[in-house]
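Q: Sequence:
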Amino acid sequence: MKKVVILIDGQNQFYSLKNLGIQEREVNWGGFFRSLLSESDELIRTYWFRPQRILDTYFSYENIKNQVVYKQFKNYYSDFREDETRLPEPIRNSIDEHVASVENWIKEERAKFSQIEYNYDQISLEFDDIEIVKTGIVKVNP
Numbered sequence: 000m001k002k003v004v005i006l007i008d009g010q011n012q013f014y015s016l017k018n019l020g021i022q023e024r025e026v027n028w029g030g031f032f033r034s035l036l037s038e039s040d041e042l043i044r045t046y047w048f049r050p051q052r053i054l055d056t057y058f059s060y061e062n063i064k065n066q067v068v069y070k071q072f073k074n075y076y077s078d079f080r081e082d083e084t085r086l087p088e089p090i091r092n093s094i095d096e097h098v099a100s101v102e103n104w105i106k107e108e109r110a111k112f113s114q115i116e117y118n119y120d121q122i123s124l125e126f127d128d129i130e131i132v133k134t135g136i137v138k139v140n141p
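Residue numbers (numbering that gives the first Met the number 0): 0 to 141.
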């Protein structure tokens, strides 16, 4: 008899299942993991690794605004750095709209991450052999 520990890279698995149109909650993980073992094997534990948090600390309002101006309005970047009130009002308004769009996107990503985290916690509660290990970060780019 062999004692078995299964290690899962949760991020890769998440996107692989997503590409197949499957959500983690739809899978009978106990049955799936047992199917990987021979009859004489004993599953000790399944460690399911996933990111602990989103790396979003660099998404401050000022950083977002600087990036928007640099990427979308390069011709105005030097004026923006000196005194953004020099920019024409339509350009300033457009910058504000872009910044708001990025901020909304980040908010949505945080909400998705929280929902996914909740789903993993539910899986852990449903299947005794699964331990969710939250470590590291996931980087998001708008």
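Simulated from the structure, these hints should not be mistaken for laboratory data.
Hints are supplied without guarantee of correctness; some may be wrong.
[Said to hold, decoys possible] Straight line, CA to CA, 20 Å or less: simulated EDC-like cross-link-like pairs of lysine to aspartate or glutamate:
id, residue 1, residue 2
1, K64, E102
2, K138, E102
3, K64, E38
4, K133, E23
5, K2, D40
6, K111, D128
7, K64, D40
8, K138, E61
9, K106, D40
10, K111, E38
11, K1, D120
12, K2, E38
13, K133, E108
14, K133, E116
15, K106, E96
16, K17, E38
17, K17, D120
Q: Hint by hint, say whether it matches the structure.
A: Against the structure, the hints come out as follows:
1. K64 x E102: Given pair K64, E102 holds - Cα atoms ~10 Å apart, limit 20 Å.
2. K138 x E102: 15 Å, holds
3. K64 x E38: 59 Å, violated
4. K133 x E23: The hint holds at about 16 Å.
5. K2 x D40: Judged against 20 Å, a Cα distance of about 6 Å means the pair holds.
6. K111 x D128: 26 Å, violated
7. K64 x D40: 56 Å, violated
8. K138 x E61: Between K138 and E61 the Cα gap is close to 19 Å, so the pair holds against 20 Å.
9. K106 x D40: Measuring from Cα to Cα gives roughly 45 Å; hence the hint is violated.
10. K111 x E38: Between K111 and E38 the Cα gap is close to 38 Å, so the pair fails against 20 Å, i.e. violated.
11. K1 x D120: 28 Å, violated
12. K2 x E38: Measuring from Cα to Cα gives roughly 11 Å; hence the hint holds.
13. K133 x E108: 18 Å, holds
14. K133 x E116: 9 Å, holds
15. K106 x E96: Distance of about 15 Å is within 20 Å: holds.
16. K17 x E38: Roughly 30 Å between the alpha carbons, so the hint for K17 and E38 is violated.
17. K17 x D120: Holds: K17 and D120 sit about 18 Å apart, inside 20 Å.
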